[in-house]
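Student: Residues per chain, in single letters:
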Amino acid sequence: MSATATLRGEFTKGFLKENPVFALLLGLCPTLAVTTSSINGLGMGLATMAVLLGSNLVISVIKNLIPDKVRIPCYIVIIATFVTIIDLSMGAYLPELHEALGIFIPLIVVNCLVLGRAEAFASRNSAFSSLVDAVSMGIGFTLALTVLGAVREVLGFGTLFGSQIIPEAFPGISVFILPPGAFLALGFMVAAARVLTARLEKAAKSRQGFITAAEAAAAAAAANKETQGAEA
Amino acid sequence: MNYFVIFLGAMLVNNIVLVQFLGICPFLGVSSRISTAIGMGLAVMFVMTIATIAAYLIQVFLLVPLSLEFLQTVAFILVIASLVQLVDIVMKKVSPPLHRALGVFLPLITTNCAILGVALLIMNREYNLAESIVFAIASALGFALALFIFAGLREQLELYDVPKAMQGAPIALVTAGLLALAFMGFAGLA
Numbered sequence: 001m002s003a004t005a006t007l008r009g010e011f012t013k014g015f016l017k018e019n020p021v022f023a024l025l026l027g028l029c030p031t032l033a034v035t036t037s038s039i040n041g042l043g044m045g046l047a048t049m050a051v052l053l054g055s056n057l058v059i060s061v062i063k064n065l066i067p068d069k070v071r072i073p074c075y076i077v078i079i080a081t082f083v084t085i086i087d088l089s090m091g092a093y094l095p096e097l098h099e100a101l102g103i104f105i106p107l108i109v110v111n112c113l114v115l116g117r118a119e120a121f122a123s124r125n126s127a128f129s130s131l132v133d134a135v136s137m138g139i140g141f142t143l144a145l146t147v148l149g150a151v152r153e154v155l156g157f158g159t160l161f162g163s164q165i166i167p168e169a170f171p172g173i174s175v176f177i178l179p180p181g182a183f184l185a186l187g188f189m190v191a192a193a194r195v196l197t198a199r200l201e202k203a204a205k206s207r208q209g210f211i212t213a214a215e216a217a218a219a220a221a222a223a224n225k226e227t228q229g230a231e232a
Numbered sequence: 001m002n003y004f005v006i007f008l009g010a011m012l013v014n015n016i017v018l019v020q021f022l023g024i025c026p027f028l029g030v031s032s033r034i035s036t037a038i039g040m041g042l043a044v045m046f047v048m049t050i051a052t053i054a055a056y057l058i059q060v061f062l063l064v065p066l067s068l069e070f071l072q073t074v075a076f077i078l079v080i081a082s083l084v085q086l087v088d089i090v091m092k093k094v095s096p097p098l099h100r101a102l103g104v105f106l107p108l109i110t111t112n113c114a115i116l117g118v119a120l121l122i123m124n125r126e127y128n129l130a131e132s133i134v135f136a137i138a139s140a141l142g143f144a145l146a147l148f149i150f151a152g153l154r155e156q157l158e159l160y161d162v163p164k165a166m167q168g169a170p171i172a173l174v175t176a177g178l179l180a181l182a183f184m185g186f187a188g189l190a
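Chains as they are written, first to last, in the working numbering: chain A, 1 to 232; chain B, 1 to 190.
Looking at chain B on its own, in the form it has when it is part of the complex (with noise of 0.2 Å):
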């Protein structure tokens, strides 16, 4: 029951986009296509889960003991770096479709605050490692359903005449804006 609540809180009543506003590049980034935002959600599932459970086997097994929490973010940046290199590598040895697929959007994960966010989020609550994971994977679902959602509205978005001002980027934050007030209805589900 206790994982169910992590689960549904994660990913609608505080989605990671919407209400924590973390990995808001991506977001505006690469949500013009549904096809992208796919790609973008998956690769981001994948990365999270790791680099939560990388995070979290360090913070436990490295920095607590030494005493050394101060260099947390140094730590976990380095950590989701060198594993985005990895699952890079890898991957394109192990699976070369799922390379293609996923490959241009890893460079682009090092720099989303989504994967450091959930990392740094999870220790602040004390999560243990069973429930970090069921959060990190509940957050990036919530990424990519935020994603898929904002895609398909601008995607319908184009075919509306927009005053000049307006275009591009404001017009997509306003849709954003709804947006999040609808995933507002969320609000004392969990």
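Chain A with its partners taken away, still in its complex shape (with noise of 0.2 Å):
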């Protein structure tokens, strides 16, 4: 039970809880720089994933293999590896969103969020663990993308994923979609992740709280009525 348990836990960990964006607030340059629209959000947030898929993959089958001092460097190569792999692909099969991406795509190389996994993460674990937190933080980390693409597109242009969703009669608010808006709009989701994390937490510790209580109640009858049988 508790090896499912956990894998469970590995799994949901990056959605909210240690969420990427939200709650680490790492990889920050790209979440700011692309997520003009919620369609580039995605995009980034799915080509990182790849990236921390192949990296935490190769990483965690290779570990025993790399001298402890020089693992830093090895990890950049691998990741850089990846990374070209996915810089070209896209640039051969989505053209649109590679130029839309620019330069944030060579750039993952340098996303404290991949480096920071395979060295907190896959330099310890085994293969597949490694390949489940890949998946949970690349879900959490497009998931921060892509609600912090579609609220700045929202606010910006009325529209979601290129549809108009307000309409046209209503100007947008510019500012979401400069600059300055990326950070604002961040500063604000961070503080409702977090109001978000402390409910969910509160919620599951009463409910916890709950289960004993009844558990020993129940515990406290049957012993109740241990004794009530002895006594008979």
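Which bits of chain B does chain A cover? Going by a derived footprint, with three or more residues having C-beta under 8 Å, they are:
#1 18–24
#2 65–76
#3 118–130
#4 164–173
#5 176–186
Here are the simulated DSS-like cross-link-like pairs (lysine-lysine), alpha carbons at most 27 Å apart as the crow flies:
#6 B:K164 to A:K17
#7 B:K93 to A:K69
#8 A:K13 to A:K63
#9 A:K202 to B:K164
Please keep in mind that the hints were generated in silico from the structure rather than gathered at the bench.
Quick reminder that beta carbons are idealized off the backbone N, C-alpha and C, glycines included.
Dock the two chains into a complex; use the hints.
Tutor: This is the structure:
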């Protein structure tokens, strides 16, 4: 039971509790720069996730072959290889998105999220749990970028994934598309994510407390019955 | 005149942190004290200038003649990482006081996307060597300026009563947003 529980914990931790953007504040440069629309956010998130999957898998497989002293340069070379693969494939198959994301695709190399997971997780865990970790963190990152991109796009242009959802009669708040809007929107979203995490934890704790109280009552009742039985 | 336009553009109008979003991690990470902000700013200026020259030479004399441009990312990041190590060692030997002041920031600079970002931007814009150096110095100055102002704001911010959910990173991000708004006033200058 505990093995599946930890696996599920590994998988869901990246969504909110250890979300790379909202909770850990990693990889903020692409987060702020490319989220002028939800499509760009989604594309950047998926590209980073692909790199993360590859680098986490390779590093966890060859972790015992890498000398400890040169491990960071080795990780960087592995990550850079995957970034180059993604960069060239996106240029070939998704030229428009590649153009929109610009230098932030090659800059995935220095995304602290990717290097951070390599150092903190993949270098210590098995290939399978490293993959689970990469999927979890990748989904969390993609989610954060898409939501931030959606918020900025709706407020700035009145569109979502390119389709008009706020009537054109209401002009957009163009500052949300401009650089300052990225900082403002992300600041408020980090605060919102914190409040949400705290609420969820509180709810989980009170539910747990309820269960233990019920168990204690049942145990007490059983004990009571036993003593009664003994008395009889 | 051209150099002046590049200089102003890189430092103020397209500020590397507040408009281009490069180097946000050190911008948020080491900006709680003005003194550390100055140290980090100087270290970045030093490394960025040298790294840009090295990246430029590698691009022009190694990657392009051998038509290995697709190895750009790998080559640049390796050069920057080894250059930071080299600067660290040389500085320790040649100027211990400077190393004491800037040494702690050097390892952090390897993963500073501003360094790699500036090298890539220069290649995209096809600057010549002199223009590249001007661009690198101006970008680094812009980074140091933004970091310095932001550290000053954050020192003041500690005295205010911020709502609990906004404490720390969120209020820092909102402050950075207002600072970016102020920097937008430079638009049209160059």
